[in-house]
Structure formats: structure tokens, C-alpha cells
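Let chain A serve as the given structure and place chain B on it in line with the hints.
Number of protein chains: 2
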Amino acid sequence: MASTPVPIPGPRNIEWVGDADTGYLRLLDQTRLPNEVVYLDCRDVQTVWDAIKRLSVRGAPAIGVAAAFGCVIGAQQGAFDKAAEHLATSRPTAVNLFWAIDRMKCVTPSTPEKLLDEAIAIHAEDAEMCQRIGEHALGLIKQLIPEPPTPNPKSPLTFLTHCNAGALATGGIGTATSPMYLAHQRGQPVRVFADETRPLLQGARLTAFELGAGGLNVTLICDGMAGQVLREGKVDVVITGADRIADNGDAANKIGTYPLAVLADYHNVPFLVAAPSSTFDLSAPDGGAIPIEQRAAEEITEGFGTRTAPQDVQTYSPAFDVTPAKLITAIITERGVIRPVDAEHVRSIVGPEK
Amino acid sequence: MASTPVPIPGPRNIEWVGDADTGYLRLLDQTRLPNEVVYLDCRDVQTVWDAIKRLSVRGAPAIGVAAAFGCVIGAQQGAFDKAAEHLATSRPTAVNLFWAIDRMKCVTPSTPEKLLDEAIAIHAEDAEMCQRIGEHALGLIKQLIPEPPTPNPKSPLTFLTHCNAGALATGGIGTATSPMYLAHQRGQPVRVFADETRPLLQGARLTAFELGAGGLNVTLICDGMAGQVLREGKVDVVITGADRIADNGDAANKIGTYPLAVLADYHNVPFLVAAPSSTFDLSAPDGGAIPIEQRAAEEITEGFGTRTAPQDVQTYSPAFDVTPAKLITAIITERGVIRPVDAEHVRSIVGPEK
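Chains A and B are the protein sequences, given in the same order. Residue numbers for the first sequence follow our numbering, so the first one is 1 and each next one is one higher. Residue numbers for the second sequence follow our numbering, so the first one is 1 and each next one is one higher.
Next up, chain A with everything else stripped away, as it sits in the complex (with noise of 0.2 Å):
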């Protein structure tokens, strides 16, 4: 599929700066959103494994990305391998990290010139990925939601999303949010409502930062009003991303998104996830062989830098939620639509075959 690439929108999360031999990688720092915008400039890797590790720079296609970079600067110091290894450490459980830093040892002569060919491979790679992804979810929207004949700025597409599965997250526009650059820069009127995503708050931090910085017409709600805003009959499509997506489709994502699910499906409004191909095991047969993570107790009563809750109190903070195959309308990755969704069509789509 040929389609006109969209330029990234706002600051750019991870760029190259300068040549092979001298330049660095300039990561933005996203523990600073969404009130400061501030980069990090990464000449040693050191720097970038610390940039990893504190969630500077988070997503699984970003890190992968950015540890590609990193094996670059390790390079200019004559340190290929032991910037590759020690890079791997930074988040041991990123399937993508992996992935990117075996990719670059793959690379000869590991020189910096060819390896930061190799990193900008992956960089492009991931932006045609997610533009790939925003092609066919939006193909599939216009199927779904006929267009006005008109393009109407009262009446403008309006997607639900949540957590952050945007350019903050990828090396390209995003996975969740690429139908809505994509329909914006073609002139579309769109307007997209962001679950603040507790408790980390990447809703409000990231996704309505980097969408208004994209110009997009974004309004922040907390996770409790998703349910009145689509009673309200604002919404069009809900969409978000995914962790983990098993062989029947069943998809683990941000812990809420299956309540969005289940709205949704009680208020006749397609629910899609999009996701490269990366995020599906096929290993895991549905949704009950994803572990579910238990996530801290201070995220919940310690979560704005005030103790909101009282000292003693016992919490429950599971990390993500899994979403049954049934209430997905459809799972958009970059290889194309699955829909129904069930295991037949994920393979069809993702199979080890393809």
C-alpha cells in the first residue's frame, strides 16, 4: 500500500542529530510532560540506557528505536558489543529492545556509518508501520461510519481512546492514534476524547499532549466519563492498543480498557485495536495465559504527589486488563484487518506462514 507519509506531529520523541562518527541521539524527554518539553541529548550510552530505564523514552516500538541509536553511540566509542549488551538490560521485559539491538549485531562491518543506517531502517520501519496501521483502520472506519458527502466541522469524526498508543509510543504517528493524524492532515474534521488513563495518567500527560500538538481537536476526560460521553452518542469509534494479543484475539492492554470495551459494545460503537504485528503470541491460546502485572500501591494513593488516600489502605492495581475477542469489532495491524476476530483470522493475518 502506497500512501503519502504524515509528517510526525509536535516534538519529535527520537531523532538522530549529526553524522555517523560525531552526531548524538536527541530523545524527548517524556517524564517532563506534559509541562515542560525537554530533550535529552544522548552522546554516551550510559545516557541512553538511563533514558530507557526511567521511561524518558517508553513505548515498545520507541525503545527499540532508540536502543538501535544507542548501539550507534556505542560504536563512535569503539564499544559496539558492550553497548549492545548492556543496552539489553535496560528494560528486560521489552520484546521490541530485543528484537532492534539483535537486528543491529546483525550489521557488517558493525562501523558506525552502517550501523546507523541500520538504526534509521528501523526508525523508517516503525513510521511505515504505524502508517500502514492508520491506512487500513481508517479504510475500515469509512465502512463502518460513512462519511458525510460533505465534510461537515460540526459533525466531525470523533474517536474514544485510551492510555497512550500515539507518536510518543513508536518511531512513526502512532498505532491507536494514526487514523486520527492520518484523517486530519486529509482534511477530515476529527475530534478525539483521551481517558486520562489512571493511574498513571498517560492520557492526560501524553495523548492530549501530543495530539494538541498535532493540532488535533482533543478533549481530556476522566476514565468514569467515558460511559456519558458515548450515552451521549459523541462518539464514533473507540479505539486503543495493545500489550500482549493471544492466538484468539483476546487483547491485553492499559488496565480500563475493557470496561471501554464493554461500553461500547452496549452503545452500538465499534471497538478497535491497533497493533503491529509484533504485539500478537500465538503461543498464548486466549486471554487467560496473559499474566496480569500487580502494579505498586502508591500509584493509586500517592499518585499526584499527595497522599490521597488514607496510610493503611489496602489497594488492588492490576496493570493491564484483557479484552474478550467477542466485544472487538476489529484488529487493525500494519498486514492488514482481522475481523471477525477470532483465531482463524488472527492466523490468517499474523500466522507464523505470513
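Treat the hints with care, since some could be wrong.
Below, simulated PhoX-like cross-link-like pairs (lysine-lysine); rule was C-alpha separation at most 25 Å, straight line [unchecked claim]:
(1) B:53 with A:326
(2) B:234 with A:234
(3) B:326 with A:326
(4) B:234 with B:326
I should point out that these hints are in silico values taken from the structure, not numbers from a laboratory.
Relative to the frame of chain A, chain B by itself:
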């Protein structure tokens, strides 16, 4: 219905200290919860007025009780009429405030002794109302969820609630919390999941506090986690209060209640509303007639003294949502249980002829 009154658990929110001529009103300052348990000793009418205005005392029933005691203080100072008039301006939308003050105005002669008797009666009747709601709710719950033959601490009767319809909001053991306290007092193992309730965190600050202070097993969750908690089969019954209930049983309550009702329905878990008969507005034919107040953006974007969203972001912040009658298993009032929830059954329990 006769039942042993359950003592109000934890710190008392409203208490008269001393005799009619020299006594004073002691209010728990709820603005300092959950971090500090601080009392306001009100010895003049203005202090009572300020306490109501700045939400040190909150919840419609509790405001009425506090204003009644405030009238006694006015009489101590020989200015009962002026006190009654002034206190009525403290929260202009609080129906219970006007009701309580009107009732105090009917006391003759308006001596501190006579007025204190009336204020104590208003307080006691409110406590009785709470107790009756709890008895009715517990009776219904026993029909809906048969108890195990022997109480089993490993499978407690588990509630999920939202916001604070608790002892802190009433003159007794609360409305939604009443069956929790009653069951606990009677030796039944009880567990409560409390939604933190964004944006103002009444669940984290108030419900988790009062249930914990009352010795109940309470677990705080973010609003977006309720779906996963229900999906895991942890919840026997969802129960909330209500701000206003229409003739057909549609119920307005704190934003975030409606999604819980949809989720409870999806999981076949009973969804109960507990509210005094004074909550019904039979002049509203259905939920569409209940206006939804919009709240200030800062409650979402600067909830706790920290800016957590971009400076210029738009917000949408409805204070309430409306749960349609068809999603409500039953409404529990002090006069009895409305089930099924429709205009006929609403009128049979709280209609004007009753």
C-alpha cells in the same frame, strides 16, 4: 421494623457536645481527610455556615442535621430567626438544608432546649433512615445471593461502591454503606471494593477512610479497574447512592456510576441504588429531565496541586451521570425496596399517597 441500632463507626461527623444553653456543635472537618482527623468546634453560627460552605460537612442528609444544630447556636445567642435565614444561604442547592431549617422554624417556643430536642430528633431520624435502608438492602441481598450455611472468611460478601454514600454523608451509617456496616456488625465476613472516584476522589479520601475506621475490609481501586475486578468474579453486589431519582427510576449519581451499572449488567451482578425517599423527584418523568452540571476543568487537570495535563487542553467534566432504570436491579429506600424499577413500583413505595 425493629432492629438494634448499629453504632456509627469511626469518628463521628456531627455531634452536639454539652447542654442546650452552653453546648456546641462538633463537626469532623472532611476537607482534612484522609490525612488528618480534625474537628471543628462550632460555637457561633458563622462557623457552622463556613463549615457547610467549604464542605467540611457534606452529603445532603448531613448538611440538614448540621444546619439544625446551627439553629440551636443561633438561639443561644438570641438570634434564632437570623441564624435560620443565614444558614439557608450556605448551600443554595441543598434541599435537605431548607427542609431541616423549615422544621426548626416550626418549633415553639424557639428556646435552645426545645430547638436542641428537635435537632437531636432530626439527627436520630436520619440515623434511623440509614438503618432501615441497610435492613432492607441486606434482606434483598440475602434473597439475591444466598449466604453460605457457615460464614466463611475466605468468601466474604463482597460489595463494590463508588463515591461516598456513607456515614460521613449522613446522620447515621450511610445509605450505600449501611448494609456493609450491618452485615459486618452481625459477624458476616464483608469485603468492599471502593472506586477512588475521579475527579474529586471521594472514594479514596472518604469511603476508604470511613470503612477502614469502622473495621471493614476495604480495598481501594481506580475507577477503570472495576471492570477487571468484576471480570475476576470478585464482586457479589454493586451498590451506590443517588443524587436524584426520576419518576421512572432513572437515577442520577456521581459521574462514573453509569459505567458500573453497564458492567454489572454484563457480568450478571446485581446493581443496587440506596437512597432516602427524599431523593426522588417525581416531577422528573425520566433521567432526561435531570440537568447534568458541568464542573471546572481544573478538577481534572490540577486535581491535587500538580498540573497533570497540557495547559490549554479542553475538558468535558459532567458531575453526574444517569443510570437508566432498566440497569438497576432495585432501589432501596427507608420505606422499602423498589423492584423491579419502573414508575409503578417507584410510586408504590415513595409516591405522594404513601
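### Task
Could you tell me which of the hints above the structure violates, numbers in ascending order?
1 and 2
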